[in-house]
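Participant: Chains as they are written, first to last, in this note's numbering: chain A, 1 to 295; chain B, 1 to 414.
No wet-lab data here; the hints were simulated from the structure.
Do not take every clue at face value.
[Unchecked claim] Chain B side only, calculated, beta carbon under 10 Å to chain A, not exhaustive:
| id | residue |
| --- | --- |
| 1 | Val-64 |
| 2 | Pro-90 |
| 3 | Gly-92 |
| 4 | Asp-94 |
| 5 | Thr-209 |
| 6 | Leu-211 |
| 7 | Glu-214 |
| 8 | Gly-224 |
| 9 | Asn-228 |
| 10 | Gly-258 |
| 11 | Ala-261 |
| 12 | Thr-262 |
| 13 | Ser-263 |
| 14 | Gly-280 |
[Said to hold, decoys possible] If you only want the chain B side, here are some residues facing chain A, beta carbon under 10 Å, derived:
| id | residue |
| --- | --- |
| 15 | Thr-58 |
| 16 | Gln-282 |
| 17 | Trp-409 |
Every residue, glycine too, gets a C-beta built ideally from N, C-alpha and C.
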Amino acid sequence: MTVLIGQLFTGVSIGAVLLLIALGLALTFGQMGVINMAHGEFIMAGAYTTFVLQQVISAAGWSLLIALPVAFVVAGAMGVLLEFLLIRRLYARPLDTLLVTWGVSLILQQLARDIFGSPNVQTRAPELLTGNIALPGGITVANNRLFILALAGGAVVALTVALRITPLGRRIRAVVQNRDLAAVSGIATARVDRMTFFIGSGLAGIAGVALTLLGPIGPTMGTNLIIDAFLVVVVGGIGQLKGTVIVAFALGVLQATGEYLTTLSVAKVMVFVAIVAFLQWRPQGMFTLRTRSLA
Amino acid sequence: MTLFRGRRILAGAMTLVAAAALAACGSKTTDEKVSAGVTADTSGDTVKVGLLNSLSGTMAISEVTVRDSIMLAIEEINTAGGVLGKKIQPVGEDGASDWPTFAEKAEKLIREDRVAAVFGCWTSASRKAVKPVFEKHKALLFYPVQYEGLEQSPYIFYTGATTNQQIVPGLDYLKAQGAKSLYLVGSDYVFPRTANKIIKAYAEANGMTVLGEEYAPLGSTEFGTITNKVKSSGADAVFNTLNGDSNVAFFKEYKSAGLTATSMPVVSVSIAEEEVKSIGTQYLEGQLTAWNYYQTTPGAANEKFVAAYKAKYGKDKPTSDPMEAAYVSVYLWKAMVEKAGTFEVEQVRKASDGITFEAPEGLVTVDGATQHIAKTARVGKVGPDGLITEVWNSGKPITPDPYLKSYPWAGGLS
């Protein structure tokens, strides 16, 4: 029983990681339809931001907290630059976007290698986040996992509120639902696109900060994550956040359960089979956005 | 709807990428013509040797350090007058972390550059890829990394540890410490799978129980469940054969699950000084490793090696076991050639038996029958400064036994 609850928590925390890395993509891919293969490298940029800040601010706790907004801005700015220089010229050509952003991701990886060297770098986690909380019954809950869960939850709430309430959010939704109508209603769609890209890429930066607590920080860390991120968004359904959230946690728990009952490799296969089967049944993903757009 | 089309294109492109990768693997075949052995070109006042390491790709981190130590040895030998009066001229090739490329470059070094010997390779996959090339051309490879054993090629000298010089002594140490149960965690490829087979056979014969065995795909960074399983097993120790980035994620998870070097020690066989640096001492302090050499190994030969390496490549660069084995391999080749009085491969092989060298790791002796070297096993503990200090050694060099023939419990393995 103890192990089962421990595993459930592991599943939820895998889900939280998936959610964090997919959330930004849910905006740029899900809402704007841009296949950004460099999304993983924005995550990497967030992780390296944490590393650099720790060189400046030696207190591990403070540097991690400060890294959150800084990584958001750094990755966001990289996203805006990418959108401004390349992607906006390719909106009608998704396949070209894919190839171009893949190229950009390779360039960014090499850049990281040149600046930070090809071996992984390490950050010190604040002492508080390396421990765990022991619950009655021998269940332990790792603090870093709790932190990531809270961060993922916070990011979802903030994003939902921003999309629902703020004028920018209204404009983003208007452009997603019907770009032409939004444009003739006086919304500067190009500027909205840029802002959406800023937020989406910025969220990747935050995911990068969180991942420094769990795994390696190196030039290739992004490539390991990008497939998972796309899977979550595709299965969740395009154009809204609800599906991304549900699917991230569902896949996390499925992965953890499968892994507990079998092995890691088999569990990965199980997850992929489940995804293929699900997409056969609902090719549009879990939820779809109903729009009046004819496009 | 355009958004929707995006996904199909994405899927299509992923397939393309995968297909391209597969095609790249299949397309490279080496020329099958059997050669009678290419003679090395030693006519001038220099002798060429090949350096075959990955300078790009995922293995570059490790293999560049090996190349650096080989270069250091060559430089030292040249300063001291060379080999048989000839200066060594290194010819470098990049294996690019890609096994068919290794085979291609080996072919090039042997046939075009006509080198007298090749130093390099790291992963077992790259060694297995070049083995037929060296055997076909009857050329020499010096392989400097600990490996899974069960191999013996007449044209390869293995200067890293085989299993009875690393894994078996590591287990002996755990047994002496009173460990009764083990949990095995490894990456999913040939080395960990073979190593774990050996560990299970050892455990059965020595009254230890293996409580579980988990494999993670190479590059995997999600260790929540594996850590849960390890923790709930209550094993006395963990034997870790994970490779690369997975170690970082594993040890971070291990610490946050509340497991420590005192509550459940981990013995690792792929974590040397360089890896300690990239995982973080915060997560590794107190954990154990099994090798034949540490930067802190005492002795004049090692002091000289460490000082020379740091002077050439930088004060913050640690030295590690594979680097040391690579450095030693050049000196061993020199000694063999000098004993044979020629660069001719068959003569060099015949001269190899009994060659000794005062290496940084201590005295090593070449065993002509297996073409491995006798070396001392050392178990070390990661200290707060990121260096590894020895807590136990085998007392004397262990004779290499790649097929574990002298261990009755290993009967069914090879």
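Participant: Hint by hint, work out which the structure violates, then give me just those numbers in ascending order.
Facilitator: Checked against the structure, the hints that fail are numbers 2, 3, 4, 5, 6, 11, 12, 13 and 17, while the rest are satisfied.
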